[in-house]
Each structure stands twice: as structure tokens, then as C-alpha cells.
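Chains A and B supply the protein sequences, listed in that same order. 1 is the number of the first residue of the first sequence in our numbering; add one for each residue after it. 324 is the number of the first residue of the second sequence in our numbering; add one for each residue after it.
In case anyone wonders, no lab produced these hints; they're calculated from the structure. The beta carbon of each residue, even a glycine, is placed where N, CA and C say it ideally should be. Hints are not guaranteed to be accurate.
Stated by the list, open to error - List time: in silico EDC-like cross-link candidates among lysine to aspartate or glutamate, alpha-carbon distance up to 20 Å: (1) Lys-559/B - Asp-168/A; (2) Lys-419/B - Asp-487/B; (3) Lys-559/B - Glu-151/A; (4) Lys-385/B - Asp-540/B; (5) Lys-70/A - Asp-282/A; (6) Lys-559/B - Asp-150/A; (7) Lys-385/B - Asp-496/B; (8) Lys-419/B - Glu-491/B; (9) Lys-559/B - Asp-421/B.
As the list claims (entries may be wrong) - Chain A residues, not near chain B, derived (Cβ > 10 Å throughout): (10) Gly-73; (11) Phe-79; (12) Leu-81; (13) Val-102; (14) Thr-105; (15) Ile-164; (16) Asp-168; (17) Phe-208; (18) Arg-224; (19) Pro-228; (20) Ala-242; (21) Asn-244.
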Amino acid sequence: MTAILPAETAGARRAPVRHTADGRRKRWRYLPQYLAVAPFFVLFAIFGVYPVLYSLYLALQRWDGVGPMKFVGLENFAFLLSDTTFWDSIGNTLIIWVMSTVPMTALALLIAVGLNSSVRYKGVLRVAYFLPNVTSIVAMSLVFGSIFSDEFGILNWFLGLFGIGNVDWLSDPWAIRGAISVMIIWRWTGYNAIIFLAGLQALPPDVFEAARIDGAGPVQTFFRITLPLLRPVLLFSVVMSAINGLQIFTESQVLLGNRGGPGGAGMTMVLYFYNTAFADNDFGYGAAIAWGIFVVVVLFSILNWRLVMRPERGQVQTKGAGR
Amino acid sequence: MTTRRARVLTLVALIVGALITLFPYYWLAVMASNTTADIYATPPRLTFGGHLFANIGEVFAKIDFFGSLLNTLIVAVVTTLLVLFFDSLAAFTFAKYDFPGSSVLFGILLATFVVPTQLSAIPQFTLMANFGWVGDLKALIIPAAANAFGIFWMRQYARGAIPDELLEAARMDGAGFFRTYLSVGLPVLRPALAFLGIFTFVNAWNDYLWPLVVLIDSNHVTLQVALSQLQGVYVKDYSVVMAGTLVAIVPLIIVFLFGARHFIRNIAAGALKG
Numbered sequence: 001m002t003a004i005l006p007a008e009t010a011g012a013r014r015a016p017v018r019h020t021a022d023g024r025r026k027r028w029r030y031l032p033q034y035l036a037v038a039p040f041f042v043l044f045a046i047f048g049v050y051p052v053l054y055s056l057y058l059a060l061q062r063w064d065g066v067g068p069m070k071f072v073g074l075e076n077f078a079f080l081l082s083d084t085t086f087w088d089s090i091g092n093t094l095i096i097w098v099m100s101t102v103p104m105t106a107l108a109l110l111i112a113v114g115l116n117s118s119v120r121y122k123g124v125l126r127v128a129y130f131l132p133n134v135t136s137i138v139a140m141s142l143v144f145g146s147i148f149s150d151e152f153g154i155l156n157w158f159l160g161l162f163g164i165g166n167v168d169w170l171s172d173p174w175a176i177r178g179a180i181s182v183m184i185i186w187r188w189t190g191y192n193a194i195i196f197l198a199g200l201q202a203l204p205p206d207v208f209e210a211a212r213i214d215g216a217g218p219v220q221t222f223f224r225i226t227l228p229l230l231r232p233v234l235l236f237s238v239v240m241s242a243i244n245g246l247q248i249f250t251e252s253q254v255l256l257g258n259r260g261g262p263g264g265a266g267m268t269m270v271l272y273f274y275n276t277a278f279a280d281n282d283f284g285y286g287a288a289i290a291w292g293i294f295v296v297v298v299l300f301s302i303l304n305w306r307l308v309m310r311p312e313r314g315q316v317q318t319k320g321a322g323r
Numbered sequence: 324m325t326t327r328r329a330r331v332l333t334l335v336a337l338i339v340g341a342l343i344t345l346f347p348y349y350w351l352a353v354m355a356s357n358t359t360a361d362i363y364a365t366p367p368r369l370t371f372g373g374h375l376f377a378n379i380g381e382v383f384a385k386i387d388f389f390g391s392l393l394n395t396l397i398v399a400v401v402t403t404l405l406v407l408f409f410d411s412l413a414a415f416t417f418a419k420y421d422f423p424g425s426s427v428l429f430g431i432l433l434a435t436f437v438v439p440t441q442l443s444a445i446p447q448f449t450l451m452a453n454f455g456w457v458g459d460l461k462a463l464i465i466p467a468a469a470n471a472f473g474i475f476w477m478r479q480y481a482r483g484a485i486p487d488e489l490l491e492a493a494r495m496d497g498a499g500f501f502r503t504y505l506s507v508g509l510p511v512l513r514p515a516l517a518f519l520g521i522f523t524f525v526n527a528w529n530d531y532l533w534p535l536v537v538l539i540d541s542n543h544v545t546l547q548v549a550l551s552q553l554q555g556v557y558v559k560d561y562s563v564v565m566a567g568t569l570v571a572i573v574p575l576i577i578v579f580l581f582g583a584r585h586f587i588r589n590i591a592a593g594a595l596k597g
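Make the full structure from the sequences, and use the hints.
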């Protein structure tokens with residue numbers, strides 16, 4: 001910048017000031033930037049870091065939230081390991097996750113492929129499929145509650161038209177899990193279809209052109225080309241559905257109440273946490289359950305991560321071998 | 324030809340799928356506009372009735388539904404405005420300024436994604452009790468006033484969208500940091516603000532677990548909590564519950580339809596990049 005005279009003179013004029021107060025100027029120079037990012041970090045320290053540390057402390061206490069705390073050491077965690085309700089809630093959560101994720105992914109793929117073909121009304125259809133994702137779970141749990149209602153539900157009436165007898169949607173254990181799964185499928189299929197559609201549109205068209213020239217039919221093209229190329233997007237969707245699936249709470253709570261319905265078939269991990277901490281006011285044990293959920297989530301994430309990473313490593317290897 | 328037939332079949336299948344998806348909304352409107360006896364009849368009444376306003380009137384008369392509607396609106400609007408301001412300011416800074424520790428701070432921000440909400444729920448509740456915020460809308464708004472997702476997402480956008488030359492020009496004109504954010508950053512970020520705004524509004528409107536925990540025994544419940552209570556008040560009067568449910572989701576659907584195309588495109592783009 002020596003070529004620009006005005007800047008040089010300006011620098012020369014400012015030089016004495018900079019000389020005397022150099023350190024102070026530097027320290028304050030970035031103050032606006034620190035202030036700009038501060039709100040998030042301050043809020044996170046108060047409502048994120050502190051609570052997480054405190055919940056570790058709470059997990060070592062027995063406390064009803066009002067009276068004095070009593071230190072019990074690792075007793076809560078020891079009880080957690082032998083607590084069948086907790087293990088059942090993990091089981092229920094995983095069962096519901098599988099029961100919902102498999103059909104949801106298949107349906108979303110079908111819809112995405114359909115939307116990707118040259119049909120009309122794409123914009124309207126996309127909005128229609130996406131709408132459930134933004135609609136309140138509480139509101140729609142109430143609507144589904146009446147649809148699934150054992151005696152007067154429209155679903156049982158509809159099934160009756162085909163000679164299928166009443167299904168006890170909200171009292172039979174497997175029907176309960178099925179009903180919750182249906183609500184999750186309804187909520188997330190459109191979301192995933194939109195994600196898959198974006199993935200499809202990002203695929204290079206010449207690959208499909210080549211497949212057509214080689215005489216591949218639509219089914220063959222789908223399984224041999226579309227699916228493998230869509231793999232990263234599919235993995236994203238499975239990881240997302242795992243994160244969301246482990247947090248299922250509202251559907252169960254609104255549909256079946258704090259105990260997860262008859263036999264506790266709809267008792268998910270988060271519902272058990274809510275029930276223990278905020279319905280039974282057992283804050284110490286509730287904190288221990290929260291840590292239990294955290295461990296399950298971490299284990300599940302590691303599993304997911306390995307599933308995501310391993311095939312990619314394989315791909316790199318085949319690429320190398322091909323060369 | 325066969326391709327044309329395939330196209331028509333695909334369209335028909337997609338429309339049938341969409342109708343099934345939309346059926347719960349239709350059924351909600353049918354239930355809300357009939358009497359409970361009509362819904363419970365065999366066969367049930369499958370078309371709209373004339374009792375919608377009577378049912379809504381009953382909801383408003385029996386519980387303070389209008390109050391909870393107002394509470395929800397306050398929470399959603401204020402949270403959205405705060406998030407838009409704090410997130411865009413932080414995102415603009417992280418995207419365009421290098422300052423000592425900026426990459427470490429951004430790394431910490433990303434790490435906060437993995438902290439699960441249940442872990443902090445009980446201590447947050449006791450914290451709110453200490454602040455005297457239990458039953459107060461502040462308990463919903465303040466902790467949600469800035470969030471990592473919004474900052475991360477908007478930073479990705481800001482990095483590509485704000486040209487360095489523009490910042491340089493603003494500096495030459497003597498604009499300070501905050502002035503540059505207002506006159507250069509914000510206008511360029513407008514499309515991203517629209518998406519983050521709808522996203523935040525929808526989530527704030529629909530939030531349930533935390534409002535249920537901190538507001539349950541107060542006069543300041545939000546719509547979602549009021550809905551779950553309404554179910555308890557009208558155990559067998561489905562029509563009234565459904566009228567309330569309808570009132571609770573219609574404003575949100577309007578907000579969503581307002582920016583649906585834009586919103587859906589950004590959701591998909593975020594998934595592909597992430």
C-alpha cells in the first residue's frame with residue numbers, strides 16, 4: 001500500500017497515537033465482535049453449561065424439589081441399571097423407531113421419485129406432503145387420538161367396512177406402538193421425501209442417460225443407480241430419524257398419558273424422564289434417567305457414525321482397486 | 324404412449340398420497356364443525372356441519388383460550404425477533420470477521436449441538452424457580468433468545484452472500500462494525516432471515532415439553548399446554564376439543580403457507596450441505 005499516498009499520510013498522522021496506546025487499542029479493537037457473539041455464549045453458559053453440571057450433582061442426590069437434598073452417592077445410577085421400567089422404555093423407544101423409520105423411508109423414497117418425474121402440480125404436492133412436519137404434535141395427537149379411538153374411532157369404522165373387527169388401538173401393546181408409529185410416519189414422510197427429492201435433483205443426469213442407453217428398466221435403474229447414489233442423503237435421513245426417534249415424547253404423552261397407556265407399551269425414554277422428574281417430583285432419580293438417556297443417545301450416535309463411515313471407506317478402497 | 328400413462332399413474336398416486344396426508348386436517352375440521360353426537364354416530368358424519376362457531380365459542384367460554392392464544396403469540400413473536408437479531412449478528416461476525424479466538428468460539432458453538440435437552444431440564448426448572456420465572460413467559464423466551472443452529476446455518480449463508488468488497492466499501496465510508504452489520508449485513512441476509520424466522524416461529528409455537536414443565540400450574544399457559552388441558556376438561560366432548568385444536572393450528576398454517584416454497588427449499592438445501 002506504499003503506492004497510495006493519502007493512506008500513507010493518514011498512517012503517519014496516526015502513528016504517535018498508536019505508539020503510546022498500542023496494547024490498549026489492540027485489546028479493545030475486537031470488542032464489537034466479542035459483544036456481537038456474546039449473547040449466545042452467555043445464554044448457553046447459564047441455560048446450558050450450568051444445568052448440565054448441576055444435573056450431574058443432582059443425580060447423586062435424593063430430592064423432591066422442595067425439601068432438603070439427601071446425598072445418596074451412586075444409588076440412583078445403581079437403581080437405574082436394575083430398573084425394568086427404564087429398560088422397557090429403551091425397548092419401546094427402539095421398537096417404535098424401527099416400526100416408523102422403515103415404512104417412512106420407503107414411502108418417502110416413492111414420493112420423492114414420483115415428484116422427481118415430470119408430473120404437474122409439484123409445488124402444491126410438496127407443500128401438502130410437508131405440512132404435517134410443521135403442525136403442532138399436541139394438536140395432531142388429539143386428532144389421531146380420535147381417529148384411533150377404540151370404540152368410536154373413524155379408523156375402526158372404516159376397517160369395519162371391510163369386515164375387519166375392532167382393533168384396540170389405544171390399549172393393546174402392539175397396536176399402541178403401531179398407532180404412535182403411524183403418527184411419526186405421518187409427520188416425517190413428507191420431510192424426508194423433500195430431502196430425498198433434493199438429493200435426486202443433485203444427481204448427474206448423464207448417469208441415467210447411460211443407463212437408459214444400456215437398456216436398464218426403471219426398476220433396475222432405481223436399485224442399481226438411484227439408490228447407491230442417494231446413499232449419503234439416505235444416511236442423513238436415518239441419522240436424523242434416530243435423533244428424533246430417541247426423543248419421542250409428545251405423541252405418547254398426549255395419546256396415552258404420563259404412564260404410557262395400558263401395560264406401559266407407549267412409555268418412551270423421554271416420557272419416563274418427564275414422568276419421574278415432573279409428575280412424581282423425583283428430581284434426583286430424574287437426573288439419573290436423563291444421564292441414562294444421554295448414554296443411550298451417545299451409543300446410538302457412535303453406532304450411526306460407524307454405519308456412515310465404514311461404507312465410505314469401502315468405496316474409497318474399491319476406487320483405488322479399480323485404478 | 325406408455326410414458327404418458329406412467330406419468331398419469333404417478334400423478335394419481337401422488338395425489339392419493341397427498342389426500343391421505345391431508346385427511347387428518349379434513350377430519351379435524353369435520354369434527355370441529357359438528358356436534359359430538361354426530362361424530363360418534365354410526366356411520367359417522369363425514370361432512371362439515373354448522374356448529375363450528377358454537378364449538379369455538381364454548382372453548383373460549385370455558386377456559387381462557389384467548390389468553391393462551393395471546394401468550395403463544397407473544398412467545399413466538401418475541402422469541403423470533405430476538406433470535407433473528409442475535410443469531411444474524413453473531414453469524415455475520417463469525418462469517419466475516421477474524422478475531423482472536425473466533426475459531427475456538429465457533430467450535431464450542433458447534434459442540435453445543437450434542438447437549439441433549441433432558442440433561443438440562445431439571446436444573447433449568449430449578450433455575451427458573453430461583454429467578455421467580457416459573458409460570459412466566461420469560462422462562463420460555465429468554466433461554467431461547469439465541470441458538471446455535473440459527474447461528475451456524477446463517478453463517479454458512481452469510482459467508483457466500485456478503486461480498487468482502489461491500490464490507491471494505493462500508494469501512495472506507497467510515498462505518499463502524501455495528502453500522503456495517505445494519506446497512507450491509509442485514510439487507511443481504513434478508514432471504515436467510517425469512518427462513519430462520521418462519522423456522523423459529525413454528526418451533527416456538529409448537530413447543531410442548533418445556534412450556535408444560537414451567538407453565539403448567541399458572542395462568543400463563545401456551546396453546547399447546549391449553550390443548551392438552553382442554554382434553555382433560557372435555558373428556559367426552561370431542562367437538563369442543565377439536566374446535567380448540569383447529570384454532571391452535573390455523574394461525575401457524577397461515578404463517579407456513581406464506582413462505583412455504585422458500586422454507587421447503589431451504590430445509591432441503593440445509594440437509595444436503597450438512
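Violated hints - listed by number, lowest first: 7 and 9
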